[in-house]
Amino acid sequence: MVLDKLLEQHEAAIVGLWVDHVINTYAPDSAHFYKTQKDQFANPVGITFSESLGNLFKALRTGGDRDELSKHLDPVLRIRAIQSFTPAEALAFIIDLKPILRSQFKDALKEKRLSRELVRFEDQIDAMLLIAFDVYSACREKLFELKVSTEREKIYKAFLRAGLIADIKAEEPGNDALH
Amino acid sequence: MSDLPKPDDLLNFSHRPPKTEWMDTPAEIKKGFACYAGNPKSLEAVGLPNPRTWSCFDEDWQLPENWQEIIYEGFKERLDKFRSFKVFMDICVRCGACSDKCHYFIGTGDPKNMPVLRAELLRSVYRNDFTKAGKLLGRIAGARPMTLDVLREWWAYFFQCTECRRCSLFCPYGIDTAEITMMGRELLNLLGLNIDWIATPVANCYRTGNHLGIQPHAFKDMIDFFVDDIEEITGVQVEPQFQKKGADILFITPSGDVFADPGTYTCMGYLMLFHFLKEKYGLDVTWSTYASEGGNFGFFTSHEMMKRLNAKMYLEAKRLGVKWILGGECGHMWRVINQYMDTMNGPADFLDVPVNPITGTRFENAASTKMVHITEFTADLIHHGKLDLDPSRNENKVLTFHDSCNPSRGMGLFEEPRYVIQNVANNFYDMPASTIREQTFCCGSGAGLNAGEDMELRMAGGLPRANAVKHVHDKHGVNMLATICAIDRAVLPDLMNYWVPDVEVTGVHELVANALIMPGEQERETDLRGEPLLGTEDADE
Amino acid sequence: MESRRSFLKVAGVAALGLGTTPALKAVAASGEAGGGAPQPQVKKGAKALTAKQWAMVIDTRKLQTAADVEPLIEACNKIHNVPHFNNKNHEIKWIWETEFKHAFPDKSNSFLNESVEHRPFPVLCNHCENPPCVRACPTKATFKRESDGIVLMDFHRCIGCRFCMVACPYGARSFNFRDPKPFIKEMNRKFPHRMKGVVEKCNFCAERLAVGEMPACVEASQGAIAFGDLYDPHSPVRELLKENFTIRRKQVLGTEPSVYYIV
Amino acid sequence: MNLKYVYSFLAVLVLFLVAYVGVEGLGLDWLFGIIVPYLAVIVFVVFGTKRILGWGRSAVPFRIPTTAGQQKSLPWIQSSPIDNPSSKLGVWVRMALEVLTFRSLFRNSRIKLGSGPKISYHLEIFLWLGALAFHYAFLVAIIRHLRFFAEPVPFFVQLVQSVDSFFRFEIHYDPIQVGLPGVALSSIVLLLAVTFLLLRRLLDTKVRYISLAADYFPLFLILGIAFTGILMAYFTKVNVAAVKELATGLVTFQPTIPEGLGGVFYVHLFFVSVLLAYFPFSKLMHLGGIFMSPTRNLTTNTRAARHVNPWNYPVKIHTYEAYEDDFREKMVEAGLPVEKMPAATAAEEKE
Amino acid sequence: MLELTFKGGKAYYGWVLALLATIGAGFALYLWQLDFGLGITGMSRDVSWGFYIANFTYLVGVAAGGVMVVLPYYLHDYKAYGRITVLGEFLAIAAIVMCLSFIIADLGQPMRALNVLLYPTPNSILFWDMIVLNGYLFLNLVIGWNVLEAERNGTKYQQWLKPFIYLSIPWAISIHTVTAYLYCGMPGRHFWLTAILAPRFLSSAFAAGPALLIVMCLFIRKFTNFDPGKEQIQTLAKTVAYAIVINVFFFLCEIFVAFYSNIPGHMDHIKYLFVGLHGHGVMVPWMWASMILMVLGIILTVNPATRRNESTLLVGCLVIILGTWIDKALGMIAGGFVPNPLHEVNEYVPTLPEIGIALGVYALGALVLTLFYKMAISVKEEVRA
Amino acid sequence: MNDKNKIIAGLIVFLALFTFPVWYNLGKAAPAPEVILTEKAKEAKVCVMPTEYMRANHMQLLDHWRHEVVRNAKRVFVNADGKEYTMSLSNTCLDCHSNKADFCDKCHDYASVSPYCYECHIDNPKGE
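Residue numbers (the working numbering), protein chains in the order written: chain A, 2 to 180; chain B, 17 to 557; chain C, 185 to 447; chain D, 73 to 423; chain E, 613 to 997; chain F, 532 to 659.
So that you can see chain A by itself, here it is in the shape it has in the complex (with noise of 0.2 Å):
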């Protein structure tokens, strides 16, 4: 597997691009921001993105299964899920990962056993986003769970201690007729 090598060789310089990919969606200055500031704890949005995306890449490379993607997935999506993107501007970086690597092959893809492994990877990619697109909802779902949530709790809370709510009593024997 020819391909295999290739992406092996050059993993780094595909996350690099990458990374600075899926960063350049942000404002340039935010972005000049999460490339440069290296402290995990001032700048978590970044070094979250670098780190995640290179697992990612290792696992996607490696033929890594349904649990190992979205478990590197899940820290980028969760951030994405909470920012300022539609959907498809969220989850838009998983196929991005298709041009940067034509481009990086550009020259190798002439020889037509290797283009063939390339479509094979990139139905991997797209295997990829509907697993991101999965793990994306996951986040949105938790995120309006904790909005009701909220409201619920605020309500409900304040009528039991109310005592407008009877709380169901546990079932004692004998006290409702079989009829």
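No lab work stands behind these hints: they were computed from the structure.
Hints are not guaranteed to be accurate.
[Stated by the list, open to error] Residues on chain A that point at chain D, a partial pick, calculated with CB under 10 Å:
hint, residue
1, 14
2, 28
3, 34
[As the list claims (entries may be wrong)] Derived lysine-lysine pairs resembling PhoX-like cross-links, with alpha carbons at most 20 Å apart:
hint, chain 1, residue 1, chain 2, residue 2
4, D, 76, B, 128
5, F, 605, C, 236
6, F, 537, C, 324
[To be verified] The calculated label-pair distances, taken between Cβ atoms and stated as ranges, are:
hint, chain 1, residue 1, chain 2, residue 2, range
7, E, 692, B, 438, 41 to 47 Å
8, D, 159, E, 971, 37 to 43 Å
9, B, 164, D, 401, 45 to 51 Å
10, E, 772, A, 123, 53 to 59 Å
11, A, 154, D, 411, 33 to 39 Å
12, E, 900, C, 423, 54 to 60 Å
Predicted model only: the values in this text are computed from it and were never measured.
We treat Cβ as the ideally placed atom computed from N, Cα and C, and that holds for glycine.
Dock chains B, C, D, E and F against the given chain A, drawing on the hints supplied.
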């Protein structure tokens, strides 16, 4: 999503946003980032101007025609009334020291969340109206006229600042963007532009003394509910007193602890502590349903509203004739008390300098305001060995401490809560030095932004703090985040739930109560939350 | 306006940080007196004596007693404002007299003939052709002048590190441990003295050679000391060297000293 | 490519031409030598004072210091008297540290130093070093320039000069001879520091994004001052006696225009005058502003001593009586003590 | 990490203030020397280098000694030294700061010091000495700072540091070799004209440097709660033992060559040092003391029993430090200059102001060492906690 | 507003410092000193180089002389007009301008410059 992206849109999605100047990129008010507008009933209840139903998402904000003039007059008046405002408008040299310190900039990546730019939003209008250079040179001198877009921008970004003042720490001249945000919000309030999550609690607090509008009897019922819980766990019947005249101490805590989990357990902690002190040392503490709210959402509206809501504390203390006031665990409440209360509603000469009757300690640092922080009080007790504590009961909790912004940068309360925690629990780990004490990161939901509708903003704002908790969670296995602020206790569970799922949130005095050996209490199997204590869980099954 | 325009030119040229020499040319080029006057330049004095490598032959047989050597030292010290310190540590010596066994430690045998043993030998800087001191100096403050082979001191560049004193195998160099001015009996106004913190030594009376005069000690020795160009076969030095057997101090060290002694 | 710094650069260029042509071409040396400096000083003093008094007029309603250290509370907890100054002395020391050592900038670089790999922290500490070098070099240069304004030259000016040009830079090679009579270290440091600050504002995207044209202008101006100063001192060798004659003339209000002062000098003088005149209307007022910033110049014993707010007007509040009137019945029912018993139950008791 | 140097207890601040006072006094004396001239020192026309250059030579040795910790850890991956390489590097920084200060103090015209840069002369050894010393200072600052920084953040030090570290090892050897070449290149000075002067310098450096490091480690273990580790100290002690033995062996070789060949030029210098020459022998007691101390040092460090017991090891180290100091500082200078090229005997004894200025420079070095060690120890305590 | 007087005090201190030159000179104008030429200088009428150049660059010229004399053994300077001078501060310059106090020192003190030349070179070659 009415307008599905057309196929060709898909391609240029990941293009870089246009590199236009910040003055040319208009602010976009987005769902999940802006809070709903204040409902007119609340505005009328406290007499705030221009009450009407409107939404920030639609175009027409139903503003009075002469709104520019109102803004100008309001601006002028505040420049005279606040030297901080006028000085901060003039001396910023835009050196960029504060620009990457704001948790909202770090989390959202929106350049206008940089503290220097948030201030420039206001400063640009100031230059246009109040400085010669601004009038002459216009855009070159960094001035721009007050337009509707600018107003929308103010609305979007002055409600994206939790007034945590981290930027003021790093600014060479101490320019306080929180102060500028307060002025911005006051100006917006002149036009009736405020958010419901602040306006309604203000109205409730004004009328019923607490943010939720809990009526006195309901307030007492809730406390009684806690009394039953305590009895179930410890077998001891605590008897809190309400509006008891002639008591030693009036205790005021944020009402958030009375209704929102996990604050409720901290409230139970207070009850047990005061019962213990009453039993052992005869300390007479009273609560008050009238002054049942330590917090002050008026602080996020205007200086006048802050004063109107805060007046209750001294009035109630005077009416009940207590010796001094004890304040519960809260964040912005303590900024108001520590730096504003005495000036606004003082002097409190009907109270005397707080002395802890049990240990005899005179709280010199509260000699004029006559209000002591609960952790100062408890730390003093522990230091003199007045509390019988069994820290092993908190053994299953691996703790870390989140310095709430206001006690950290408005008071400097670092060692007291840590001292208390380390005496009531054994495993405590501080987060990295650059994320705690005076450099602490905000929970992302302060200054009245802990509504439900701006959850994305809150998650983005709390990202740096969550990232630090995740670090100590991975490194030391921390599973409990302690904090001394009611809003923190209400919002951090959501933050933890989203970023670091297996870390819970607790108040400091819940831990104190867990460890407290009450006179005449039964052998405890569970902590205040009903979870089994270490070593007893196998006994149960 | 006149002076201003010229100033402009000077300012313009100097502005490029080219300093004096080009500025000199510029001024000349502007030519106050109009026309392209000749450039200011520097040249040797008319009467200047030149040589490829100045050398000295001291006929010690003619300088038997201290009284013979004293005037040499006096002459040198007087015209070069050499200070006289009573504290031996801070002594400044350009030329001084010492016994044979000190001047030639490697050649003294035990039963030396009386006259040589007690004869005062005048010693001074040998102006070596391969000077260790010039090799050691970190700033080229001491340097061997290609034009005439004299080893000179540039007192403006000397940082007073005294590495040259350590390097000199003849101990011919002295250091101004303190301000020499108060210790100069009467000042020769035609020759500058030194300041504290710099090293100094015999300069083969370079200033006198430049105006065609023989070095002070040579004149004062009435013929006892010959001075001339080592590489000019007809110079007095070469004449003496041809006829007499001469020795040099520590010549085994390969420094090639230029001062020969006839014993 | 935003035009902000181009405006400023052009402005400084125009000023250069105005002065140079004005003097060299039109011979207006009396204008640039006497009128403009006097005007500049007047503007600086009058409007500077006006601006500071303007700030003074605004009230300081509340005491809002930013605390950066442990407060003074219980005796056995060690408080940080400088970062959280509860005493007047603490405030003076905190302000002095801020003004003399730029402590917040150092603290700022310290954060980066404190954690995170190397690359990022170098940039931050350079801001602290650059700013400190720039301000001190500028101060030393001003003290050195007192030699033109005072006759006889005061002792401390000579001392500063001798220390400043202690190290000799006497370069004597064929193409270039420079360094006599002496090279002032502060002139070199000033030129390098202001160039660094300008490059940082131009190249660091974060700082460029927030910079206004008004931020570049003083930097270009001071760069011009430093450059012309060095040009005159070491290369074109201005006629120092004439400069002093003009300067002392200005200062003793007997202005004269001596001969032999080239255009470069008047450019230098004009730049300084523009800087002085521009001062009160610009961010340079942080000179006075830092002393009046309420988050740095107040003590933090806010609970121990009451701060009086001059315009503390009374406000409408919800009294306890009104509160009790709303809920008296329910409070009694819940067993809460009330001031006045509700009318109904009072009636029952009566029966 | 600089902020760590500001947090300390009473004793720490007291010590720093004492050092500052000494530095102040030293500087005042230096101003007097600047005004009066080098006449206030004991140097003379025949002994033109004195106490300053003597201490300079010794301290370059101490700085080079740091390599004995860096080399095993980075080249041979001797893990145990990981804990104390930073201490070695910071000791080197403090030593180099003292060396440069001694050079400046020794110059007659310090205001022209930049001439060495403005007029570079590659044929002068002093020019190379300036380059290697400043280079070594820069290397140690960059390496020490970054390694400590990385340790504080729990990360591995950056990759680009590797070449600097490998460069610093031969560079350490070079600084002391160049210092030796200052002496052994001089044609007229027989005492120094020996090929093994550089090896002798290095051997005494590798004895003195690690010995001082051992004393520092014992001090640190006693007064702070960071323990450099027993094994590290034992390995250092072995290094000291070997080095001091080699140093004495080289010295005996010198003695043999001089006395067996019986050349007066060589013998006189050693005779002057050990038995006095023409009635002058101020150095005699010092040299014998130095020999006795070094032999005692050999006994204490070579003998395993006394080496393992840390108190006797401490005595051994102090004795070696003092012994090598007298040998290399006083003996080397006095021996070389007396008798002078004209075979006259003028002795040299440092004067009080000279010693005062030297103490001021030592205090400056101690201050730099204290600040850097305070930073290093605080980081190590913070990481351990 | 008790800090009103603090502000004014601060302003007064700043203005006092800022106007230091004004009150330091107390209105005594200090025109550039008139250098007094000796008789000999008057006769010579022309210096080695034009006066304008000499005022600005004499120190550089002297350094250039020193370089030529000491390092290149050249002792004679020929200026643009072909006039020859021996390159020596004490013997040439101070020969004409023998009144150092009125000629050199006046301007040096006025411009607060203290050249270290006279630490070695003789400042009164004619003994006046």
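> Does the structure break any of the earlier hints, and which numbers would those be?
Replying inline: 1, 6, 7 and 10
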